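Protein sequences, first through last, are from chains S and L.
Under our numbering, the very last position in the first sequence is 196; numbers go up by exactly one each time.
Under our numbering, the very last position in the second sequence is 256; numbers go up by exactly one each time.
None of these hints come from the bench; they were simulated from the model.
All of these numbers come straight from a predicted model, not from anything done at the bench.
C-beta: ideal position from N, C-alpha, C; glycine also.
Treat the hints loosely; a few may be bogus.
Stated by the list, open to error - Pairs of lysine-lysine residues, derived as DSSO-like cross-links and limited to a Cα-Cα distance of at most 27 Å, are as follows:
1) Lys58(S) / Lys69(S)
2) Lys221(L) / Lys163(L)
3) Lys24(L) / Lys65(L)
4) Lys162(S) / Lys65(L)
5) Lys161(S) / Lys72(L)
6) Lys24(L) / Lys100(S)
7) Lys103(S) / Lys72(L)
8) Lys123(L) / Lys197(L)
9) Lys103(S) / Lys163(L)
10) Lys123(L) / Lys55(S)
11) Lys123(L) / Lys103(S)
12) Lys161(S) / Lys65(L)
13) Lys162(S) / Lys24(L)
14) Lys55(S) / Lys184(L)
15) Lys161(S) / Lys24(L)
Said to hold, decoys possible - Far from chain L, by Cβ distances over 10 Å, these chain S residues were calculated:
16) Asn23
17) Arg40
18) Glu180
19) Glu187
Stated by the list, open to error - Pair by pair, the computed Cβ-Cβ distance ranges are:
20) Pro98(S) / Leu31(L): 38 to 48 Å
21) Lys142(L) / Asp92(S): 21 to 31 Å
22) Glu147(S) / Lys221(L): 44 to 54 Å
23) Ile28(S) / Glu69(L): 15 to 25 Å
24) Lys221(L) / Ser84(S): 56 to 66 Å
25) Arg21(L) / Gly27(S): 44 to 54 Å
26) Lys65(L) / Ile28(S): 19 to 29 Å
27) Leu22(S) / Glu69(L): 34 to 44 Å
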Amino acid sequence: MIGIISYGAGNIFSLTSALLRLNIPYGIITNSSDFELYDRYIIPGVGHAGSAMDKLIKTGFVPIIKSLKKPTLGICVGMQLLTSFSEEGNSDLLSIFPIKTLKFTNSIGFKVPHTGWNRVYFDKGEKLFENIPAGSHFYFVHSYFIEYNNEYTLASANYNKKFSASIWKNNFYGVQFHPEKSGVYGEYLLTNFSKI
Amino acid sequence: MNPSGGLAKRIIPCLDVKDGRTVKGVNFVNLQDAGDPVELAWNYSNQGADELVFLDITATVERRKTIVELVKAVARQINIPFTIGGGINEILDADALLNAGADKISINSAAVRNPQLINQMAKAFGVQFVVVAIDTRLINKKNIVHLNGGRIPTALETIDWIKEAEDRGAGEILLTSMDHDGTKAGFDNQLLELVNKVVGIPVIASGGAGTAQHFVDVFTKTNIDAALAASVFHYGEILIPDLKEILYNKNIEVRL
């Protein structure tokens with residue numbers, strides 16, 4: 001069963017609705033003692049990465065999250081928290097991935113927030129993207145992105161430059177897009193994660 | 001390669017909602033019941049719509065409760081993003097909609113009357129949540145912002161108001177040309193391109209869609225991000241899968 005880590009950053013109604021539609025069991029983690037009840041975790045998040053990190057610190061979950069050995073998926077800002085630093089509020093983050101979250105710079109033809117369905121490509125055959133064709137569109141809405149990294153980028157997208165649409169290290173996964181809003185392929189991804 | 005880098009142009013059906021039901025009519029006159037909004041939304045998303053906009057025109061005291069229930073029902077069933085507009089006047093309205101699963105809210109007249117509302121909403125929920133909807137009409141060769149569905153002119157020039165909305169924290173602009181709305185003669189490509197050049201946030205074109213070619217035109221003549229329409233989709237005059245295929249064959253990046 002998936003434990004959704006609740007720390008007050010954004011609403012999770014759409015995510016829990018998607019899991020319900022897919023018959024994927026989940027519970028909500030509000031206490032440190034809840035972690036052991038689950039065999040995998042989702043870190044959700046929307047809004048400001050710096051204030052999301054502040055909220056996460058207040059829950060006392062940070063040391064637990066950093067030592068997790070079970071599959072853990074960060075979504076959007078929840079993924080950015082896994083990196084070492086964000087230009088949003090110049091914030092230090094969880095540092096599970098030694099890479100950074102940067103701001104999109106405004107340039108002609110590339111509006112910010114990056115809003116809409118962008119093609120996503122993955123070269124590593126990983127279970128998270130099983131049954132999903134390379135180049136499928138996923139729904140993004142964000143002003144900050146995780147830099148492309150040869151070692152940790154699991155899937156990339158192009159928007160003015162190549163960036164990390166998904167990252168992977170051991171049991172930790174992240175997706176910048178919103179699988180709960182990304183149509184059928186987003187649902188495949190959530191189902192895949194529930195089986196990793 | 002595609003200059004967009006793989007970001008698709010969005011096709012957005014708009015549903016008018018009153019008392020929790022979808023309604024159809026011309027300029028909010030002779031409204032007829034058009035069915036369950038959740039069912040219609042599901043059909044659209046199944047056909048390949050990229051996003052949905054619900055415009056709530058409920059005028060009763062129960063409206064906030066009704067619309068929150070609707071938003072929850074949509075979020076439970078639909079796997080694409082959606083925006084709620086109509087009658088959102090304060091942070092509390094927006095907060096209730098966010099928690100019910102809405103991806104964005106759109107504010108129109110309330111933002112003109114109280115521009116500070118844009119700043120407050122962007123600060124509270126993030127710019128990605130705040131769509132500023134603008135109804136524009138040409139008066140003496142000037143594009144002027146109008147209120148109440150295009151009936152009441154303001155003193156604001158459309159381009160100025162769009163820039164101000166962006167500065168205040170709008171994450172997206174939904175621009176409806178009242179001169180083109182209902183004509184089925186095509187989008188206002190001239191104004192849209194003008195607008196598109198002055199903003200750094202996404203812009204949704206609205207008003208005037210009558211044929212698939214109008215969507216081809218708006219995406220080839222302007223660099224607009226998305227196009228919205230209501231009646232051509234409701235009455236089945238344009239089917240979304242056909243439209244997507246036509247756009248794809250014109251080398252326009254779309255999600256198939």
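Here is what the structure says about each hint:
{"no.": "1", "hint": "Lys58(S) / Lys69(S)", "result": "holds, 22 Å"}
{"no.": "2", "hint": "Lys221(L) / Lys163(L)", "result": "holds, 22 Å"}
{"no.": "3", "hint": "Lys24(L) / Lys65(L)", "result": "holds, 22 Å"}
{"no.": "4", "hint": "Lys162(S) / Lys65(L)", "result": "violated, 43 Å"}
{"no.": "5", "hint": "Lys161(S) / Lys72(L)", "result": "violated, 36 Å"}
{"no.": "6", "hint": "Lys24(L) / Lys100(S)", "result": "violated, 49 Å"}
{"no.": "7", "hint": "Lys103(S) / Lys72(L)", "result": "violated, 32 Å"}
{"no.": "8", "hint": "Lys123(L) / Lys197(L)", "result": "holds, 26 Å"}
{"no.": "9", "hint": "Lys103(S) / Lys163(L)", "result": "holds, 21 Å"}
{"no.": "10", "hint": "Lys123(L) / Lys55(S)", "result": "holds, 16 Å"}
{"no.": "11", "hint": "Lys123(L) / Lys103(S)", "result": "holds, 18 Å"}
{"no.": "12", "hint": "Lys161(S) / Lys65(L)", "result": "violated, 43 Å"}
{"no.": "13", "hint": "Lys162(S) / Lys24(L)", "result": "violated, 43 Å"}
{"no.": "14", "hint": "Lys55(S) / Lys184(L)", "result": "violated, 50 Å"}
{"no.": "15", "hint": "Lys161(S) / Lys24(L)", "result": "violated, 43 Å"}
{"no.": "16", "hint": "Asn23", "result": "holds, 14 Å"}
{"no.": "17", "hint": "Arg40", "result": "holds, 21 Å"}
{"no.": "18", "hint": "Glu180", "result": "violated, 7 Å"}
{"no.": "19", "hint": "Glu187", "result": "violated, 6 Å"}
{"no.": "20", "hint": "Pro98(S) / Leu31(L): 38 to 48 Å", "result": "violated, 58 Å"}
{"no.": "21", "hint": "Lys142(L) / Asp92(S): 21 to 31 Å", "result": "violated, 50 Å"}
{"no.": "22", "hint": "Glu147(S) / Lys221(L): 44 to 54 Å", "result": "violated, 35 Å"}
{"no.": "23", "hint": "Ile28(S) / Glu69(L): 15 to 25 Å", "result": "holds, 22 Å"}
{"no.": "24", "hint": "Lys221(L) / Ser84(S): 56 to 66 Å", "result": "violated, 44 Å"}
{"no.": "25", "hint": "Arg21(L) / Gly27(S): 44 to 54 Å", "result": "violated, 35 Å"}
{"no.": "26", "hint": "Lys65(L) / Ile28(S): 19 to 29 Å", "result": "holds, 25 Å"}
{"no.": "27", "hint": "Leu22(S) / Glu69(L): 34 to 44 Å", "result": "violated, 23 Å"}
This entry does not satisfy hints 4, 5, 6, 7, 12, 13, 14, 15, 18, 19, 20, 21, 22, 24, 25, 27, going by the numbered hints stated previously.
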